[in-house]
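Engineer: Residue numbers (our numbering), protein chains in the order written: chain A, 164 to 551; chain B, 164 to 551; chain C, 164 to 551; chain D, 164 to 551.
None of these hints come from the bench; they were simulated from the model.
Hints are all accurate, no fakes.
Treat identical chains as interchangeable: a pair holds within one or across any two.
With a Cα cut of at most 30 Å, we get these calculated DSBU-like pairs of lysine-lysine:
id: 1; residue 1: K343; residue 2: K438
id: 2; residue 1: K169; residue 2: K288
id: 3; residue 1: K545; residue 2: K288
id: 4; residue 1: K347; residue 2: K438
Just so you know, these numbers come straight off a predicted model, no measurement behind them.
Number of protein chains: 4
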Amino acid sequence: MSAPLKVRMGMVGGGEGAFIGAVHRMAAALAGHIELVCGAFSRDPERSLRSARTLGISPQRAYATFRQMLEVEAMLPDDQRMDFVAVVTPNHLHYEIARAALECNFHVFCEKPLTTTLHDALALKNTVQRTGRLFGVAFNYTGYPLVKHARHLVASGALGDVRKVVVEYVQGWLAFPIEKDGQKQALWRTDPTLAGPAGCLGDIGTHAANLAEYIACQPIAEVCADLSTFVPGRPVDDDVAVLLRFAHGARGILHASQVAIDEENGLTIRVYGTKGSLEWRQEDPNTLIVKWPDRPREIVRAGTSYASRLSPAAVAACRLPAGHPEGFIEAFANLYRAFADDIRRSRGEILESVLDYPTVEEGVRAMAFVDAVLRSATPGAKWVAVPQ
Amino acid sequence: MSAPLKVRMGMVGGGEGAFIGAVHRMAAALAGHIELVCGAFSRDPERSLRSARTLGISPQRAYATFRQMLEVEAMLPDDQRMDFVAVVTPNHLHYEIARAALECNFHVFCEKPLTTTLHDALALKNTVQRTGRLFGVAFNYTGYPLVKHARHLVASGALGDVRKVVVEYVQGWLAFPIEKDGQKQALWRTDPTLAGPAGCLGDIGTHAANLAEYIACQPIAEVCADLSTFVPGRPVDDDVAVLLRFAHGARGILHASQVAIDEENGLTIRVYGTKGSLEWRQEDPNTLIVKWPDRPREIVRAGTSYASRLSPAAVAACRLPAGHPEGFIEAFANLYRAFADDIRRSRGEILESVLDYPTVEEGVRAMAFVDAVLRSATPGAKWVAVPQ
Amino acid sequence: MSAPLKVRMGMVGGGEGAFIGAVHRMAAALAGHIELVCGAFSRDPERSLRSARTLGISPQRAYATFRQMLEVEAMLPDDQRMDFVAVVTPNHLHYEIARAALECNFHVFCEKPLTTTLHDALALKNTVQRTGRLFGVAFNYTGYPLVKHARHLVASGALGDVRKVVVEYVQGWLAFPIEKDGQKQALWRTDPTLAGPAGCLGDIGTHAANLAEYIACQPIAEVCADLSTFVPGRPVDDDVAVLLRFAHGARGILHASQVAIDEENGLTIRVYGTKGSLEWRQEDPNTLIVKWPDRPREIVRAGTSYASRLSPAAVAACRLPAGHPEGFIEAFANLYRAFADDIRRSRGEILESVLDYPTVEEGVRAMAFVDAVLRSATPGAKWVAVPQ
Amino acid sequence: MSAPLKVRMGMVGGGEGAFIGAVHRMAAALAGHIELVCGAFSRDPERSLRSARTLGISPQRAYATFRQMLEVEAMLPDDQRMDFVAVVTPNHLHYEIARAALECNFHVFCEKPLTTTLHDALALKNTVQRTGRLFGVAFNYTGYPLVKHARHLVASGALGDVRKVVVEYVQGWLAFPIEKDGQKQALWRTDPTLAGPAGCLGDIGTHAANLAEYIACQPIAEVCADLSTFVPGRPVDDDVAVLLRFAHGARGILHASQVAIDEENGLTIRVYGTKGSLEWRQEDPNTLIVKWPDRPREIVRAGTSYASRLSPAAVAACRLPAGHPEGFIEAFANLYRAFADDIRRSRGEILESVLDYPTVEEGVRAMAFVDAVLRSATPGAKWVAVPQ
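One chain only, chain A, in its complex shape (with noise of 0.2 Å):
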C-alpha cells in the first residue's frame, strides 16, 4: 500500500485581492488530496509571481499567462504535471480559458455562471463532451450536507409530489455605487463587458436557480420575470424577481437582490410537497426543518455522529459530531472532494465516490435560466420556456 497520489491543481485568476480564488485555494486544502501546484493568477506577471511567492508555489511555475501555463504545464512529466485547472477569473474568461484547457487535455473546474451566454455554454459543453475531461462548475451551495439531505427528500418520495419551491438569493452589499468608488468585487460585478449582460441575476440568481434545480430534482421549464437596476446608473440589474414553472408541475418563486440593506449572504429555499415541506437557510447551514402534516416540524442537523438520520451522501459530506458547525469553505471543500476523487476514479484508484458535484450540464442549464429570464423581463413576454 503506498501513499494516495495528490491531485494537482492549476489555478487561473484568483491573485492578490482576489475573493473567490482564496476561497478555492482554502477549500482545496480542507478538501486533502490536492495540490495547488502552478498558477497563471494575474495578467500582470509581477502580480502573478508575487501571489506564487505567498502561496509556496515555485517560481518558474508562476505563469505570465494562462496559456504559457497551459502549454508548460502539458509537456511536464506525468507525476508533475498538474491534473485539472481552476478557473477563477471574471465571468467573460470562463469560456476562451476553459475550452482551451480541456483542448490541452486537462480537467477543470469553473467558477460560475459557466460563461456570459447559453451560445458559448452550449458550445463549452460540447467541448467537454468531446474531449471526455471532468468538468466541475463551483455552484457550491450543493455541497452543504443538509442541501444533500434535502435533495434525497425529495427523490426518495418522502415529501410526496413537490408543489410549490421557494428559493431566494438577497445580499446587500451593492445597495450603494460601490463601484464608482472602485471596488474592485463591485467594478467586474457591474461591468457587462467582464460579468456578461445579467447582473445580480447572473452573480447569484443562478445559484437560487442551480438549488432550487438540484433540491426539487426537476428543472425549470418556465419563467416569468421582473429585473430590476435600483442604483442609478448601473448598467446591469442588482434585483430580480421570478415567476416559476417547472417540468414536473411545480410552481414557484426565485428572487435575488443585492440592494437589500445589511442582507449578507441569504441564500434560501423552501419546498413544499404532497407530503412534507423542507426549510433550508445558507446562513444556518446545520440545520434543516422539516415539516408534516401530522406530527411536530423536525429540526435535522448535520454531524456524522447523526449518520443513522441522514442520507449518505449528506453523512460524507460531514467531517464532525453534530454541533461542531461546518460552514461555507466546508461545503466549497466537499465540491472539491468530489471532484478530485472523480479524477482519481478516472485514474483508476479508487471507485465511485458517494459525494457528487455540478458538472458543464449544470453550467449549461444556469445559463438557459438566464437567458429565459433576460428574455421574459422584456415588454410584452410573460411566460418564456428554459431550453432544456
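Fit chains B, C and D to the given chain A structure using the hints.
Structural biologist: Below, chains B, C and D alone, put in the same frame as chain A:
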C-alpha cells in the same frame, strides 16, 4: 366624572363552531369599554338563541335574522341600542349586511375581504360616505405594535425610499381536500358562491397586500400574477404568486399559499429601502429586525417599558412590558379599541386616538388588488394595473 | 337552559398606576364568565373611587378599605355578592387580606409570593383548609399550553426519569437604582418591609422554582445558594444562583437576576431525562423543543388545530389555531378560567375542569424554597433542606 | 522576496479512528503555512505507518513511538526537522509527551486538559519557562472571531464592570453507557486512568471555564460545586454544576453535562455588566448578541466585510464576508495560525500577530479550576479557592 359609557356591539354570524366570531368577541372583551349586547349569530334561530345564552346575552336580543336585529335595535332607547354591528359571516354576506346596517345608521366593523367583488366594495364605500357612519375592516395584522413601528420607520424616512417589498402569507391547513370531509372552515372558503371567486387570494392574499401597503406607505400599482389550484377538484385557487410594482417606485413579491404543509400562519414581510431594511414575522410578533448598512442589526422589541425606542402608535398598542408576549388577540383587540375610541370620539367623549384602524378605504383597496390579480392570471395578460 | 352565572370578582389593590392589577383584570376579562364587581383599589379612598369609575364599577362598590369591602359584600344578596377576592397588593399585605377574606367565607386568588414568611404561608394554608374556601396563587407561567404539555411529557414517562433541570429567570429592569428615582414598581420590590426579606428571589425566583417543580413533577428537596446584591445600597438581593437537588433524584440549577441588562422576562427551563429532553422559553411560549437520542428534534407548537399532538390540558389551554400567537395575558387568563371553573364546579354548575391552577399548596412550597435559599446563602451553610 | 518557510508539524496520537487528531490536521491545513511532516500516530507501529501513508507522509517519518520521533527529528537538518509537536493523545499522556518534546527543544501544541493533575500542570509550566519553548493549548473556542470580539467588549469597558457570567457546555452523547459497547471516544474519557479524575468536568467543563475567563477578563477565584454521575457504574462525573466567584467581583454559574440528551455541543456564554450584556452560542458562532439598557439589542455578525464593526483580533480571525458561515474548523485553525505565526515571529520571519492563542498559562488555570471543583464537591466543603 362619571364612568365611561360602554360601546355596545351587535354581532351577525359567529354562532357555535365559528372561528372568527369568537376571536372578535375575545378581542372586544380585551379591548375594554365594549359590550356585546345582541346578535343574529346564526341563520338557525334555535342556534342563535343557544349562542346568545352561552354568551350571557338576554334571549330577547338574540335575533333570528340580521334584518330583525337592525329593525328592533334601531327602535331601542339611546342608552340601550347597539352602537355598531360586527359582521363575521362568510364573505358573500358582508355586502348586504354591512350596507343594511349603515342604512339603519349603525357603525359597522366588518370581516375581510370586504365583499366578493370590487363593484360591491365601491358601492359600500359610497354608502359609508353617504351615511357618514364609521366603518372598520378586520385587517387585524396592522394591530400589532411592531407593524405600527415598521410603518413609522418607513413613513419617517428612516429607511429611505422603499426599493423592494417581500411579503408572504403561507398556511398548510388546506393541503388536503378537507372540505370534502365537511370541515366547516374549509367548506365555505373553497366554495366560490360563499367566498367569492378568489380562494387563498381573497382569504389571506388580501391580508398580505394590506400589510404591504400599510408598512410600505404606498399603494400597489401593478401586478403580474400566477394563480394555482394544487388540490384536485378545488374550484378556487389555493396558492398565489404575484410580482408587484408600487406607486412610488418600489417593486416587490407577494405570495400566499394554503397548501404549504405545516406552515401555520406565516405572514412575514421585509422592506428594503435606500437607507435600511426591516423584517417582521407574525408568528414572532414582538420582534422587529432593523438592518443598517453601517452598524449592527437591531432587534427592536415590543413592550411598554421600552417606550423611548418605539413610535407613539406602537407604544399605544402595547399593554405589557417587553418580554411579556402579546399575541394575535391583543393585536385584534387594538383594532377594536381604535374603532371603539373612534365611536366615542364621534360622540364627543374623547379626543382623537393615537391608534388607527383599517377602514372601508383599505377594504376597497384589497378588492381592487384581488380584481387585478385575477385578471393578470388569465392567459395573455402580464402587468395589470390595480384600480386606484 | 339558562345563561351561565358570572363569577363575581372583587379586587384589593391594583389602582391607578399599578401593573399587575391591570393584568389580572385583562386576564379575567379574557377568561370569560368573570365580572369585576367591586374593589378596594387603593388605600387612598379618592383614588380607589377614581379607579372604580374608570373601570365602570358603580361608586358604592368602590371601597375605602379591604375590611369594609369584605364586610359590606358579605351582607349583599347571593346574586350580587362577590364570589372571590383578587389580592394584587404588594407582598406584605397578602397574608392579612387573604386570611380576612377566607374568614369572611370568600374564595381568594392571590398574587405571589403568597406571604413574606414561611410561617405566615403555613398559617394561611391552615386557614384555607379550615374554611374550605378555594385559593388560587398567581404562578401564572403554568397557564401556558406548552408548559402543561411539558409537564405531561414528564408525568407520562415519555422523557424517562428526570436527571437534570436547568431553570432561569433573568430580567434587567433593576440594573440601575431606579427605586431612588421613585419608580413605583421598583420602590416596593426593593423595600424589605413591603416585599419581605427576599428581593429578586421572592419576586421571580419563586416563579422559577414553581415552574421547575410543576414540569419536573417532583419537589425541590435541597438547595445550595449564592445571593447577590449588585446595585450598591439596595437592601435586598437582586440576583440569585442555586444548585438544586430534587426529591426523586434529579439535580438542577436555578438562577434569577434583575440586573441582567436588557433581559426582558427571560424565564426558560430545560429538563433532561433518561429518555429525552425538553426546552421552553417564556418569551417564545408557543414553541416547545423536544429532543430524542435517536431521531430529530421536534418543534412542538401550541394551537387548537394541533390537538392530536398535545395533551388534553394543553389543548384546553389554547384558544386559537397554531401560528396565531397567544401570550402572557392568555396564559394568565387560563389560571382565572380554571379558578372560576372551580368555583362554578363547587357550586355544582359544571363538572371538573381539565385546566388546573396553582393553589395555596404551591404558594407554601415557594415560601419554603425562599426560606431554604436564604438560610443556605448564609456563611457556613451549604446544602439546606427545603421543608416539605 | 522568497516564499515563506512552512512551519513543520509532527503529531503524537491521532491515528485511524481518532476524532481530535483529524481535527488538528484539518485545522493546520486550513491555517496555511503549516505542513505535517511526521508522526507517531499510534502505539501500534503498523497502524502508525498506515496512518502516515493515508496522510501522504513518507514512511521513514512514521515513528513507532513519540520518543523515537523526538530523537530522530532532533537530528534532522534545520530545514527538514519538525518545528513543533502536536499532542493529541488521551489526557494521561499529555504531560509525559509534552515535557519530553520541550526538553528536546521542540515547541508544543497540546490538547486539553493540559494534564491530569494540577501538580503536573505546574511542573509543565516550569518546563516551558525553563526551556523557553512556545506552548499552545487547544482551548479552541477562543479561536472564534466573535469570542475575540466579546472579550474586546469587556476589555474595552464597553459593558462596564462584569457582574455576572453564565456559561454552560451541554452534550448528550454519553447519556447512555456507550463505553460498555466499546465506543472508542467514550472508552477513554470515562476511564480515570486515561482521562484523569475529572470526567465531564475535565473534558468540557475546562472549556467552559477557559471561555469564561477569556471573555470576562478575570480569573475564577472561588467555586462551589456539585458533581454528578448519572449513568450507573461510570467511575467519573458526567455532569457538573458550579457557582462561581471571580477575582474582580463578578459572580457566575458554570454547568456542563454529557448526559443532556440530544444536546450537541452546546457551549454558550452570557456576560452581564454594569453597562451592557452579551450572549454567544458556539452552535451559532457567527452571531453575537449585545444588549444595552437604552437602545435595541444588536446582532453583531462575523465577517471580513464587516470590519468597521469588529475589533482587530476579531477581523483577523475571519476569512470570509459576513453571511458565509465559518465554523469549528476555522476557529481551530485560528489557534494554529496564531501558534505558527508565533513560531515564525520567534524566528524573526514576521512581526507579532494580532491573533492570540491559549498558552500553558491557560492550561494550568484550567487544571486549577478542576482541582478546586473536585475539592468543593466533597462533603462539608462549600466555597473553595481556585489556586491562582
